[in-house]
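J.: Listed below are the residues making up each chain.
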Amino acid sequence: MFMTPMNTRIKSYLTSVLIALLLWPVLSCSEDDVNKPIKENPTSDDPLDIYIQENFTDKYGVAVRYTYVDRYVEAGKRVTPPERDLVIPMLDFLTEYWIEPFINVPNGRKFFEDFVPAEMVFIGSFIYNPDGTVTLGTADAGARITLTEVNNIDPSDQQWVFRQLGTIYHEFAHIVHQNFNLPPNWQTISPEGYTSSGSWYTLSNAEALERGFVSPYATSSFNEDFAETVAFLLFHPDFYDIYINDEPGCTTSDCDRRNEGRAKLRQKYNAVLAHYKQHTKVDLLEVRELIQEKF
Amino acid sequence: MKKLIYSLLFLVLIACQDNDTNEFDKSADERVAEAIANLKADLTAPDNGWKLKYRPVDGSGSYYVFLKFEDDRTVNIRTDLGAEDGKYFDQTLTYRIDNSLGLELIIENYSFFAYLFELDDATFEAEFEFLYANKTPSGELVFTSKSDTFIPVTTLVFEEAEAGEDDAFLGTEVSENLNIMADDFDNFSPSMKLTYADRNIELYLAMDDVKRTIDITRAVRKSNPAVFESLDFSSPYIIRGDSIVLDNLFSGTFVGVNVSIQSIRLTTLTESEITICTDPMTVHAYEGTTSANDDVVLESTLFDLNGRSFATLSDFYISPLGYIFNNGQSAAEAIANDIHGALAMQMYYNYDGGFYAIGFIIQNDNGTITFALREFTPVLTGNNLVFNFAPDISIFGEPDTDADIENVNIYLEALTEGDNTYVFELDEGLYEFFNPCTGWSFVFYDAYQ
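In order, the protein sequences belong to chains A and B. Position in the first sequence counted from 1, then plus 8, gives you my numbering. Position in the second sequence counted from 1, then plus 40, gives you my numbering.
Since the hints were made in silico from the structure, they are not lab data. Glycine included, every Cβ here is placed at the ideal spot set by N, Cα and C. Do not rely on the hints blindly, as some may be mistaken.
What the hints assert, rightly or not - Computed spacing ranges between beta-carbons, pair by pair:
id	chain 1	residue 1	chain 2	residue 2	range
1	B	Asn377	A	Ile58	38 to 48 Å
2	B	Ala68	A	Pro97	20 to 30 Å
3	B	Asn390	A	Glu104	40 to 50 Å
Said to hold, decoys possible - Result set (DSSO-like, lysine-lysine): computed pairs, CA atoms no more than 30 Å apart in a straight line:
id	chain 1	residue 1	chain 2	residue 2
4	A	Lys118	A	Lys67
5	A	Lys85	B	Lys80
6	A	Lys85	B	Lys262
7	B	Lys186	B	Lys127
8	A	Lys302	A	Lys67
9	A	Lys85	B	Lys233
10	B	Lys262	B	Lys233
11	A	Lys85	B	Lys127
12	B	Lys186	A	Lys85
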């Protein structure tokens, strides 16, 4: 048969009809399955699972996934599971640096319990990407936070601690804007500073600051800017010196540009604090104080 | 086409008529559960567990692995991989059997398998998820890798282990002793020398005790080291009990001596002291016998003549701050603090017809570049490089720098203290400049590559 554009379209249409017809019986004959019981995971008798259930899941409503399940990681990315012996120390770390600072400030417990993600996934290694880069942590629509580098746990290693806290506070902040939107006028504070898709990593920290952002990654979108600002506000010991307080007596244009960036960051700082107070009743400065006491 | 549509409509109409007809006695879920239970029963059946000769990827060495699966989802894994202080000699972890496209066996926690999987930023192509393939007529369980990205994917054959076989096959003592020897000088490219007791030959070699490969690079006449022969022999190996067994036979006449090695049985580790630094250093020697029945001694050594090739390969080398290590730990942060704006180390070696200098390239706050270099007159003996520095640091580029230039000497001293800089070839165009007395390593690459 000689193929023309017209009969190509007809064939395509008919193919669609055939596929729809072939699927229809499958879908339409499933009536008997409606009342099938929903499968439930059997209760584990693994002592580690029991510990997690009693000390984390029952207490805070967070399921902790520490055994390897490939669907928790995007296809093509390579990770290793955590060491069993490091799961409890990691939970202790999260309790000390994330849960306790939030639940020990006024209104913090309710905020935490209402908005804590349902699931945490522990990865032992980095997430190794096919292009040779690594990913430090991810969040999935506020429902799941994935923490990497659990096998490198070392609370005395400030860089490791900052990477973990940067991830957890960042992802927990996403939940706030997902529920209460961004602060009013957030998009108008540094609109020219955002980078085009996928190019944030070409910026240096200094360039990000000059644009009014706490990090290059913050320039990637309004939402990431909000989450990064909250995370840095909470964990960075030198947050005020680097990002908020102007350098006095500037004599160079670089210094002037940094202070211009800080003026924008002061607006963001005030907007973040007000937004949390208005919608969550939590004073982030009180949370920051409890966190900073631990360093 | 009309006929086809009518036929399909007919099929649609009859599709719901035999709703209760099931080609199988059991539902899909029941059949999956049964398959999982059958595999679990097979895995847990042997009294002594399973023996696996595991080669993660073509070209790597192999490992004997003994696995004992239990009903409670735990698996005991015994190996002789000596990495991380023997952590992987004996581990009890959890496993899971899943069903996706087929049955999968997953070692759920970080294990011997995960350690190998993560090597080289998880590109080594080891695996900890296995797809069940089949059970052979002789009862072996065959799995394939789920995560391999190259074809052919790794095949793993679980053979039923016999009583006591694990202790006979696993060479944990050999593995531990080789680790001890690799730590003698604690550099990235430990070099070894195999000396024949009764024959006039020494072999220089490098062993990767994780990937289990051996490279024999040079044969030297014991009575006259000036007589040598470059070699290019590589082989994967496996440790079996007290022996290193090569996959490929090393055989031939070198510096006039005919030798052959298929395996080396290692017996006694001894230690001694050398005094090249202020404090004596402990080094080790491992006595053994080759498969050709020659008595040999395997020793760690600082001498690796391949390292001296840097002098002729290029005249300009770079070591980024991330390539500089103080006793195995990155020194990048300390250097950045001491030398404001430091970008990398540079070494000019016979550059432009006779310029020898080493130091740092520095970016000043105003964007200008300063080169803070110390010129030197080299003396290269074997792979030992003595610098003979000029008295002062020379400044090139922008003379007005924000960095404290004198701090450059901190790192030059770490590199050259006691004239004990030894150069090792890590890879083509990549060299480790190592000082055993300070423990500092500076990894330079050919700037033109």
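J.: Now look at each hint and say whether the structure bears it out.
T.: Hints, one by one, checked against the model:
no., hint, in the structure
1, B:Asn377 x A:Ile58: 38 to 48 Å, "47 Å, holds"
2, B:Ala68 x A:Pro97: 20 to 30 Å, "41 Å, violated"
3, B:Asn390 x A:Glu104: 40 to 50 Å, "57 Å, violated"
4, A:Lys118 x A:Lys67, "13 Å, holds"
5, A:Lys85 x B:Lys80, "29 Å, holds"
6, A:Lys85 x B:Lys262, "51 Å, violated"
7, B:Lys186 x B:Lys127, "25 Å, holds"
8, A:Lys302 x A:Lys67, "23 Å, holds"
9, A:Lys85 x B:Lys233, "41 Å, violated"
10, B:Lys262 x B:Lys233, "11 Å, holds"
11, A:Lys85 x B:Lys127, "26 Å, holds"
12, B:Lys186 x A:Lys85, "13 Å, holds"
In the structure shown, a violation is registered for the earlier hints numbered 2, 3, 6, 9, in ascending order.
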